[in-house]
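Listed here are the chains, written in short residue letters.
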Amino acid sequence: DSGVTQTPKHLITATGQRVTLRCSPRSGDLSVYWYQQSLDQGLQFLIQYYNGEERAKGNILERFSAQQFPDLHSELNLSSLELGDSALYFCASSPGQGRAYGYTFGSGTRLTVV
Amino acid sequence: GDSVTQMEGPVTLSEEAFLTINCTYTATGYPSLFWYVQYPGEGLQLLLKATKADDKGSNKGFEATYRKETTSFHLEKGSVQVSDSAVYFCALSNPLYGNNRLAFGKGNQVVVIP
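The listed protein sequences correspond, in order, to chains A and B.
Read in order, the letters of the first sequence are residues 1 to 114 in the working numbering.
Read in order, the letters of the second sequence are residues 115 to 228 in the working numbering.
Just so you know, not all the hints are guaranteed correct.
[Claimed, not checked] Below are the BS3-like pairs computed for lysine-lysine, each with C-alpha atoms no more than 27 Å apart in a straight line:
hint	chain 1	residue 1	chain 2	residue 2
1	B	K166	B	K191
2	A	K9	B	K220
3	B	K191	A	K57
4	A	K9	B	K182
[To be verified] Some chain B residues well away from chain A (every beta-carbon gap over 10 Å; in silico):
hint	residue
5	P124
6	E156
7	Q159
8	K170
9	S186
Since the hints were made in silico from the structure, they are not lab data.
For clarity, every value in this text was computed on a predicted model and none was experimentally measured.
From the three backbone atoms N, C-alpha and C, an ideal C-beta is built for every residue, glycine too.
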């Protein structure tokens with residue numbers, strides 16, 4: 001157990017639907033990162049939050065949004081889902097934002113859009 | 115932008131063989147470099163890291179040296195075991211951006227045969 005908890009582990013949904021992925025960071029970590037892993041694109045950075053505030057945005061589609069709550073857990077919302085959104089979505093956390101921090105990853109949510 | 119390049123294709127080798135996975139990067143300034151490992155069905159785990167030129171990261175028999183002159187961070191292990199079978203990702207973070215987002219390489223599948 002890495003200390004980063006992601007739910008659900010698996011999600012199957014239809015095109016056009018909306019889903020919410022949840023992440024609880026490791027105790028004491030203030031930064032949360034979301035990544036998408038797919039066979040063709042590899043690991044793509046989506047978005048980062050630090051202590052409730054958005055700090056960096058990567059290749060995140062407008063149909064996707066995220067937030068970090070006061071208790072530091074984070075949610076990634078995916079809407080108007082398309083077949084191409086099928087992927088593994090990872091959450092990671094780190095204590096802060098300094099260059100020396102490595103991440104602790106959760107085990108991911110596998111999203112299948114049918 | 116910053117990027118990481120890993121050698122193409124899976125790596126298949128016999129137990130006790132020497133492993134090398136090449137990683138080169140493109141970045142402005144002085145990034146931190148990481149190797150992550152992903153076992154089947156799991157999230158990524160930090161294997162080792164180096165934060166400045168000529169630093170050597172090491173863990174579990176794996177080593178990598180931060181070579182600024184060749185912009186490389188090749189992963190090596192002297193004698194692999196079947197349990198080392200996994201996907202290995204090279205990554206960097208750049209303090210110039212004021213956050214800790216990681217840019218990942220495509221990853222290399224390593225298969226160790228008994």
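Non-interface label on E156/B, tested against every C-beta of chain A at 10 Å: It is violated; E156/B is separated from chain A by about 6 Å at its closest Cβ, not greater than 10 Å.
27 Å Cα cutoff - pair K166/B, K191/B: 21 Å, holds
Separation of K170/B from chain A, once the least beta-carbon distance is taken, above 10 Å: About 15 Å separates K170/B from the closest Cβ of chain A, which puts it past 10 Å; holds.
10 Å cut-off, C-beta based - S186/B kept clear of every residue in chain A: 19 Å, holds
Closest CB of chain A to the CB of Q159/B still more than 10 Å away: Non-interface label fails for Q159/B: nearest chain A Cβ at 7 Å, not farther than 10 Å.
Satisfaction of hint between K57/A and K191/B, Cα-Cα up to 27 Å: Violated: K191/B and K57/A sit about 35 Å apart, past 27 Å.
Holds or violated: K9/A to K220/B, with C-alpha atoms at most 27 Å apart: With Cα atoms ~23 Å apart, K9/A and K220/B stay inside 27 Å; holds.
Non-interface claim for P124/B versus chain A (Cβ beyond 10 Å): 13 Å, holds
Pair hint outcome, K9/A versus K182/B [Cα-Cα no greater than 27 Å]: 39 Å, violated
Of the hints listed earlier, those the structure fails to meet are numbers 3, 4, 6, 7, in rising order.
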